[in-house]
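First to last, the protein sequences are chains A and B.
So in full-length UniProt numbering, the last one in the first sequence is 403, and the numbering has no gaps at all.
So in full-length UniProt numbering, the last one in the second sequence is 137, and the numbering has no gaps at all.
Among the hints, erroneous ones may be present.
Claimed, not checked - Only pairs whose alpha carbons sit at most 30 Å apart, straight line, appear in this in silico DSBU-like list of lysine-lysine:
#1 A:Lys-65 to A:Lys-125
#2 A:Lys-103 to A:Lys-30
#3 A:Lys-275 to A:Lys-373
#4 A:Lys-30 to B:Lys-115
#5 A:Lys-125 to A:Lys-114
#6 B:Lys-26 to A:Lys-390
#7 A:Lys-339 to A:Lys-390
#8 A:Lys-339 to A:Lys-275
#9 A:Lys-275 to A:Lys-89
#10 A:Lys-91 to B:Lys-124
#11 A:Lys-374 to B:Lys-6
#12 A:Lys-219 to A:Lys-91
#13 A:Lys-374 to B:Lys-22
#14 A:Lys-390 to B:Lys-22
#15 A:Lys-103 to A:Lys-58
#16 B:Lys-6 to A:Lys-373
#17 A:Lys-170 to A:Lys-118
#18 A:Lys-110 to A:Lys-89
#19 B:Lys-6 to A:Lys-317
#20 B:Lys-124 to A:Lys-390
#21 A:Lys-58 to A:Lys-114
#22 A:Lys-390 to A:Lys-118
#23 A:Lys-224 to A:Lys-209
#24 A:Lys-373 to A:Lys-209
As the list claims (entries may be wrong) - Stretch by stretch, here's where chain A covers chain B in the computed footprint (C-beta under 8 Å, at least three residues):
#25 12-22
#26 32-43
#27 63-69
Hints in this document: simulated from the structure, not taken from any laboratory.
Virtual Cβ for every residue (Gly too), placed ideally from N, Cα, C.
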Amino acid sequence: MNIPIYLDNNATTPMDPRVLEAMIPYFTQKFGNAASRNHHFGWVAEEAVDYAREQVAKLIGASEKEIIFTSGATESDNLAIKGVFEMYKDKGNHIITAVTEHKAILDACKHVEKLGGKVTYLPVKEDGLVDLEVLEQSMTSETILVSIMYGNNEIGVIQPIKEIAAIAHKHGALFMTDATQAVGKIPVDVNADGIDLLALSAHKMYGPKGIGALYVRRKGPRVKVTAQMDGGGHERGMRSGTLNVPGIVGLGKACEIALQEMDAEALRLSSLRDKLESSLTVLEESYVNGNVNHRLPHVANISFKYVEGEGLMMAMKDLAVSSGSACTSASLEPSYVLKSLGLSDDLAHSSIRFGLGRFTTEEEVDYAIEVTKKAVTHLRELSPLWEMFKEGIDLDSIEWAEH
Amino acid sequence: MAYSDKVIDHYTNPRNVGTLDKSSHKVGTGLVGAPECGDVMRLQIEVDDNNIITDAKFKTFGCGSAIASSSLATEWLKGKTIDDAMAIDNMDIVEELALPPVKIHCSVLAEDAIKAAINDYRVKNGLAPIELEKSHH
Chain A
1 MNIPIYLDNN ATTPMDPRVL EAMIPYFTQK FGNAASRNHH FGWVAEEAVD
51 YAREQVAKLI GASEKEIIFT SGATESDNLA IKGVFEMYKD KGNHIITAVT
101 EHKAILDACK HVEKLGGKVT YLPVKEDGLV DLEVLEQSMT SETILVSIMY
151 GNNEIGVIQP IKEIAAIAHK HGALFMTDAT QAVGKIPVDV NADGIDLLAL
201 SAHKMYGPKG IGALYVRRKG PRVKVTAQMD GGGHERGMRS GTLNVPGIVG
251 LGKACEIALQ EMDAEALRLS SLRDKLESSL TVLEESYVNG NVNHRLPHVA
301 NISFKYVEGE GLMMAMKDLA VSSGSACTSA SLEPSYVLKS LGLSDDLAHS
351 SIRFGLGRFT TEEEVDYAIE VTKKAVTHLR ELSPLWEMFK EGIDLDSIEW
401 AEH
Chain B
1 MAYSDKVIDH YTNPRNVGTL DKSSHKVGTG LVGAPECGDV MRLQIEVDDN
51 NIITDAKFKT FGCGSAIASS SLATEWLKGK TIDDAMAIDN MDIVEELALP
101 PVKIHCSVLA EDAIKAAIND YRVKNGLAPI ELEKSHH
């Protein structure tokens, strides 16, 4: 077992050596530009890109013609939101999303608002799921797009995608999903789910950073997005720029491996996750955040009341995890995702996200359980709030000096 | 962001963790910060008849820098007179622990905790609290 232990697989994943192996020739020998139509080097690159496009499409049940390569999920999100807004502006100007979305969606929506668009940010229920009735009520004749993430990056909850897509379609709107955390981890099928646009990223599924894709439906309906970068008209005119061939090959290989291993891996990870969770929630005043029945297999988000997340992570220095604590963010605000579940600020400050992955072993999980238990116990001994709780003092009765 | 060795030292081996009898007239207690903000410090001093701080204890809910700042404060307080303790400035803590700008508020909180403890002691002993400048937050 190597220390420190990486349990932050929602932030990024290590690349699978099989992916690296597939990519290597495309840096040196097979370096051609996939758009060079008139010589061998170009053809070799183009062939590799075509093959990868099939690998990606297969993982999400799409056709290869529907895959647009981008630099990653942030770009895919931006292209989908801004591209749909521009393309369908004659049809309407209203977009619906949710408050727990990734910043790439939220900030792209804010941009759209500056351009005169209207955006509804749906609240979520206490378990992190979108309320379908609220969605239904928010649909208007101006609604062109509903964008709801597949699986949440902080708490791992899986939204009722099929039902959301059906509501969007019933009202004549397109349905987009940021599936960055879900693709490759759980079965995602664009046809079964009714998805019109889908963002995915390689580095969340053991592929390289800097490459991702946007799925854009071609049939029933044929969806188009306005390009957000001008240039050579690559990717059916939707995303210009010389293709990142090694990256694309890596994404393709990552998708192929994920498809082969997903079922077994999801079982293995959810059983490790359950072990981690059940061992840690025996600690008094610890709470699992988010819906526990509809969620990704590899994420556990737990609040340990009366200890602060960053302080806790420092005591868990052998573990690489992340926290919803304000101190870990640039903004000094605790996690907006946790707050939107209705969690009080102090519980949001006390949260730790454990993100397991393909290379996480049971031995590592056992070690993580021990380290975390010790750290929580140690910090509670240092915590005035824990002492007050133990003395039966109601912390809400104290007049805190907000600073 | 990496922590300084001194922060790690105080965090790993915090000095003077604990609780003094807050009902004693010799003890002053300062409780500052708020759970919603992610930091709460409780700092206590025990003062003898010569106005010398004979003991200091703390408990802190917060990040590593907040814990280190309060641990350091208790170390500095012991043996100081009340007047000398009043003169401890948050920037002394920043310097000693090499806190980065984003963690300066931890040192401010420690200074506030010291002053709050001293004032609690003063009020308990029939003295007027010292007027504090409300500048920090």
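Here is how each hint holds up against the structure:
no., hint, verdict
1, A:Lys-65 to A:Lys-125, "37 Å, violated"
2, A:Lys-103 to A:Lys-30, "36 Å, violated"
3, A:Lys-275 to A:Lys-373, "14 Å, holds"
4, A:Lys-30 to B:Lys-115, "69 Å, violated"
5, A:Lys-125 to A:Lys-114, "28 Å, holds"
6, B:Lys-26 to A:Lys-390, "25 Å, holds"
7, A:Lys-339 to A:Lys-390, "25 Å, holds"
8, A:Lys-339 to A:Lys-275, "26 Å, holds"
9, A:Lys-275 to A:Lys-89, "49 Å, violated"
10, A:Lys-91 to B:Lys-124, "72 Å, violated"
11, A:Lys-374 to B:Lys-6, "22 Å, holds"
12, A:Lys-219 to A:Lys-91, "19 Å, holds"
13, A:Lys-374 to B:Lys-22, "29 Å, holds"
14, A:Lys-390 to B:Lys-22, "16 Å, holds"
15, A:Lys-103 to A:Lys-58, "28 Å, holds"
16, B:Lys-6 to A:Lys-373, "25 Å, holds"
17, A:Lys-170 to A:Lys-118, "20 Å, holds"
18, A:Lys-110 to A:Lys-89, "16 Å, holds"
19, B:Lys-6 to A:Lys-317, "16 Å, holds"
20, B:Lys-124 to A:Lys-390, "26 Å, holds"
21, A:Lys-58 to A:Lys-114, "37 Å, violated"
22, A:Lys-390 to A:Lys-118, "49 Å, violated"
23, A:Lys-224 to A:Lys-209, "26 Å, holds"
24, A:Lys-373 to A:Lys-209, "33 Å, violated"
25, 12-22, "holds (count 3)"
26, 32-43, "holds (count 11)"
27, 63-69, "holds (count 4)"
Violated hints, listed in ascending order, are 1, 2, 4, 9, 10, 21, 22, 24; each of the other numbered hints is respected by the structure.
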